[in-house]
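Protein chains in written order, with this note's numbering: chain L, 1 to 520; chain D, 1 to 303; chain C, 1 to 359.
Hints in this document: simulated from the structure, not taken from any laboratory.
The beta-carbon is built from N, C-alpha and C at its ideal position, and this holds for glycine as well.
Be a bit skeptical, because a hint or two may be false.
[What the hints assert, rightly or not] A few chain C positions that, by computed beta-carbon distances, are all more than 12 Å from chain L: (1) F29; (2) L37; (3) F63; (4) R165; (5) P194; (6) F219; (7) K222; (8) G243; (9) N272.
[Unchecked claim] In the DSSO-like style, the derived pairs of lysine-lysine whose C-alpha atoms are separated by at most 27 Å in a straight line are: (10) C:K353 x D:K182; (11) C:K237 x L:K368; (12) L:K395 x L:K452; (13) D:K297 x L:K117; (14) L:K368 x C:K222; (15) D:K297 x C:K222; (16) C:K190 x D:K155; (17) L:K125 x L:K186; (18) L:K61 x C:K237; (19) D:K297 x L:K113; (20) D:K135 x C:K245; (21) D:K181 x C:K351; (22) L:K138 x L:K201; (23) L:K12 x L:K329; (24) L:K61 x C:K245.
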Amino acid sequence: MEKEKGSELLLKATKINKSFGDFSANKDIDIDVAKGEIHALLGENGAGKSTLVKIFYGVLKPDTGSIEINNKEVSISSPNSARKNGIGMVFQHFSLFPALTVAENILIALDEKIKFKDLISEISKLSKEWELFVDPLKRVSELSVGEQQRVEIIRCLMQNPKLLIMDEPTSVLTPQEISNLFKILKRLASSGCSILYISHKLEEIIEIADQVTILKSGKSIATIDAKKTTTKFLAETMVGKEITALKKVNTKTFSKDIALELKNLNKPNETNFGISLKNINLQVNYGEILGIAGIAGNGQVELMEVLSGETITDNENEILLESIPIGSKDITERRQLGIETIPEERTLHATVPNLTISENTFLTYFSKYNKTDNIISNLLNNHQNSLIESERILKDNDVRCPEVNPLANQLSGGNLQKFILGRSLANNPKVAIFSQPTWGVDIGAATSIRQKLLNLSQSEKAVILISQDLEEIFELSDQICVINGGTLSKIMPVDKVTAADVGLLMGGKLDTASELEIIK
Amino acid sequence: MEALILTIIATSIPLLLAATGELITEKSGVLNLGVEGMMLSGAVGALGAVLWLENPYFGIIAGALSGILMASIFSIFTINFMTNQVATGLGLTIFATGLTGLAGAPLVGKTIPSLPKIEIFLLSDIPIIGNILFKQDFIAYLSIAIIIIITYFLKYSKPGVILRAVGDDHQSAHSVGYPVKKIRWYATCFGGMCAGIGGAYIPLVLTPHWSEGMTAGRGWIALALVVFASWIPWRIIVGALIFGGITIAQLVGQARGWPIPSQILSMMPYLATIIALTIISGRISKNNSVVPASLGKPFFDTQ
Amino acid sequence: MITFTPRDKVSKNWTIMGPALSIFFTVFFGLLIFALLGYDPLETLYQIFISPFSRIDRISDVFVKACPLIIIGIGLMLCFRANVWNIGAEGQFIMGTLLAGSFALLFPNVENKLLIFIMIFIGFVGGALWAFIPAILKTKLNVNEILVSLMLVYVAMLFIDFIVRGPLRDPMSFGFPLSKPYSDGALINKITFPGIGYLGQLHYGVLFIVLLIPFSWLFVNKTLSGFKINVLGAAPKAARFAGFKQNAITITVLLISGGLAGVAGVIEVSANIGQLQPEVSFGYGFTAIIVAFLGRLNPVGILFAGIIIATVKLGADNAQMSMGIPKVVTGLFEGILLFFLLTGETLQKYKIKWSKVKK
């Protein structure tokens, strides 16, 4: 099998162009994928990776360009015709239907007729063969993210694909799940199926891919042999400049002063789609970054809500700031006490897209700007008072704007996040809580955001970092814990744990960190 | 007693049909608040057709077509032009009230023959049950058939799964390759057809002449029924019969001279709707998996 | 085939163009329907859109007719801005009128105009109380406010019918379902213009609008509460993040809109009817929904929208008298207008592109 690799082309795409309005997402992209090859597509957010593969899967129609499969030009007008041409795809945010069962989800992507009974046995057969275990009769909403991905993969395998497209498949998986996935992908490739693998994680690409094509601003800038390259080279080609490393001061002294504590915090879920928080204990000291790892949907959103004060706890003693109960304080009061939270969703949660930057600054600080001795003035919308402040935030945080005081939706993801962060830090918080702060932002912005977090802890602030990105957690945190199914593991110093340990906790394989110690 | 049950059934059929149609529409993710308007159109369409063609069965067809026409207007705006579904639905009802007033003006004062009862051979001879269940008109049988077919369709057929999928996550449905807009068009038009036939039932069976706004809020009650039934078809039957019962109870009360003012009795169906919604909404807000997740959200497809 | 592409920035041109084009298309399609149904479209056009402006007293009647629409529309504007769907203004109008009217009937011989001011206040309370039902059910039990507020319209209609035929019926009304006439203190007088006398039905209640428009403009654009309402409507999660109390805002907008509907009722009845009767509203509460949208949820816009819709309503009255077209056709125009307005909003956000179907 090894010998055949690269010898015969499966997919040949030439001069693919695609634009949305004035924005051109793909410019003259050429890409060749050989049979049985794992071909990685690397690029920053917005480089055009997803657009390109959606064209291959028929979700988007290219403006111009040609696609050949097995040396025959094909027109992929819809996902159905992609599947007929032997192309399967696992989407980054999945294309599953939470209210339907696993079997129904698979049925829906099958183009041929099949009896329900045969479908179930076919699913069981495949899941045994590939060790992708799922219960076909369970609803997808009841599955973990990892299990959901298995459903997507089975769905593709049902069609015997010649080309499997995987869009950022590992961003939602634990290290153990990732290595399982890689085993499956390698097995698939050696059985002759080509894989087009999208990622922005460099180590991963070197580990799994044969070839790697790098996209930048919609253009394909290089195709390299993945086995003969380095992460440094890939990173610099992708970004187009040298990457500045984080400045981490190792001689940092820990303050022993406790900043924020959660004590036996319980919060039942509000709807059956939500997660109940169970018996959460947490402590973060000044000058320390506490990383909370975990796969999305394990209670991070709910934890953020109780930390921020968007929902207040039933018992005010469940949350303590410097040993003073604050559980019953709302978000405005907590801001005044010096607790700042940066939620995961940048638009519609942290900001209002159709309001200007100064109005968005006013949004979270209206109490500050409307706190004057003049009663009438307190009733007014004084957002113009925040104009100077917002300009300062933009300048200090190097936020690039298309015009003076633009609408929030005119900023790119990275710039918007820099603004959101700057807005919170302008309030000079004692405790700063971040959820997925670098999710989906470009490397430059991510580095600057991470540096800000480090600077915060160096200036004796307490920082909580909730992130799916294990690398980020390990890079920044002093202490680590894991959230899984609404419970929080014990807090561990970063030098006492490995990514594999944390992975086990994330996957719920171990209930507590103490078990971890027993195993060791 | 038998007569009473028959009237309750007859009163509940328009609600049953309209609510079933709306259920399918909502399952696809479209919230059409124009049911009242579609029913009115069905009523006036049926009246006009029967007066013209002198056959009550044409009334059913005309009612269905009128409902589909209204649903098409709704679909063009909400599905193709992505307008706000709540506002467009309100607009549809307001529009249809005006249109039917205009179209109905020449029909005022004219009476149509009622839809004949169909006796089902042998079964109709069963005492009591035979008279109630097997001596009904065509629309009554049709509505039961629709409920049975819908139940099967949603649960066991692939198109049914696809319909639910579109209502659950339209973006995913698009990614998998289904034409979200087209499916929503069909579902909305089916809803319009059912509401149209439900509206047609009012002049064809209940009151055989035109009066402005003769649906009297049934379309809105049908919308509430869908929530009450938690989007499960057979529960609509239960709900519709309860509302039919309440409506008839107040009529009986008025006829027998209960010491309660007639207007207060007439409020019963509307108050009952509020109470039913209140009871069910508390539960739904805890367990919202019954609500189609993309209900009311416009779909923008990138191509 | 038509395809849409999102605009980077909301098109400013469409803010005015949208409503203007909508009105044009509405007239076009409306008349088309009339022509199809066998009415003379030019005659209809004249009757509905021109005749209300043919005489000065008729013009002033347009303002009289617009008065309740604008007052209710302003209230609904707040609700719709906050994404709260109060469609039961008709019921709130009735209940406000009924409560204030019942109060007025307690004082059959009062001439002091203080009474009408008290009535306006009571009307506000009555309408607000009726809107409080959907408000509390929505915020506490998550019950859909659309259906509840609408059901309460029917309940209110039946309730006023019961009161006017029962407890408050005037024994001297010869069997008509009418209350006793209001005393002078409860009436709103017509405006006397020196040298001319009355101008149609133009009454002092119109002054309320003169106050309401600038006040509501300040409220939505310049106050913190107005800002909160806008944010809640645009992004409920962001409102929570900002620390705004969502339930309090929802309840407030419902109470204000219910209250304003009640005030509209008091002014309408005290100026034009002078006693309670089973039908006091004639669909103002529903029409005001269109007014609020046509005015683009903006007080100044609503002023103009109220006038436009009132014109159509009066025009329809004229058309009924001269051509025998039923009055309800106004709904036809209102519905089409709403459709096109909403389409205009889409075009504000998306660019439209015509392309040939690729096979």
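Hint check:
no.	hint	verdict
1	F29	holds (30 Å)
2	L37	holds (42 Å)
3	F63	holds (31 Å)
4	R165	holds (46 Å)
5	P194	holds (38 Å)
6	F219	violated (10 Å)
7	K222	violated (6 Å)
8	G243	violated (4 Å)
9	N272	holds (36 Å)
10	C:K353 x D:K182	holds (19 Å)
11	C:K237 x L:K368	holds (21 Å)
12	L:K395 x L:K452	holds (15 Å)
13	D:K297 x L:K117	violated (34 Å)
14	L:K368 x C:K222	holds (17 Å)
15	D:K297 x C:K222	violated (31 Å)
16	C:K190 x D:K155	violated (65 Å)
17	L:K125 x L:K186	holds (20 Å)
18	L:K61 x C:K237	violated (34 Å)
19	D:K297 x L:K113	violated (31 Å)
20	D:K135 x C:K245	violated (57 Å)
21	D:K181 x C:K351	holds (19 Å)
22	L:K138 x L:K201	violated (32 Å)
23	L:K12 x L:K329	violated (60 Å)
24	L:K61 x C:K245	violated (45 Å)
Hints 6, 7, 8, 13, 15, 16, 18, 19, 20, 22, 23 and 24 from the earlier list are contradicted by this structure; the remaining hints agree with it.
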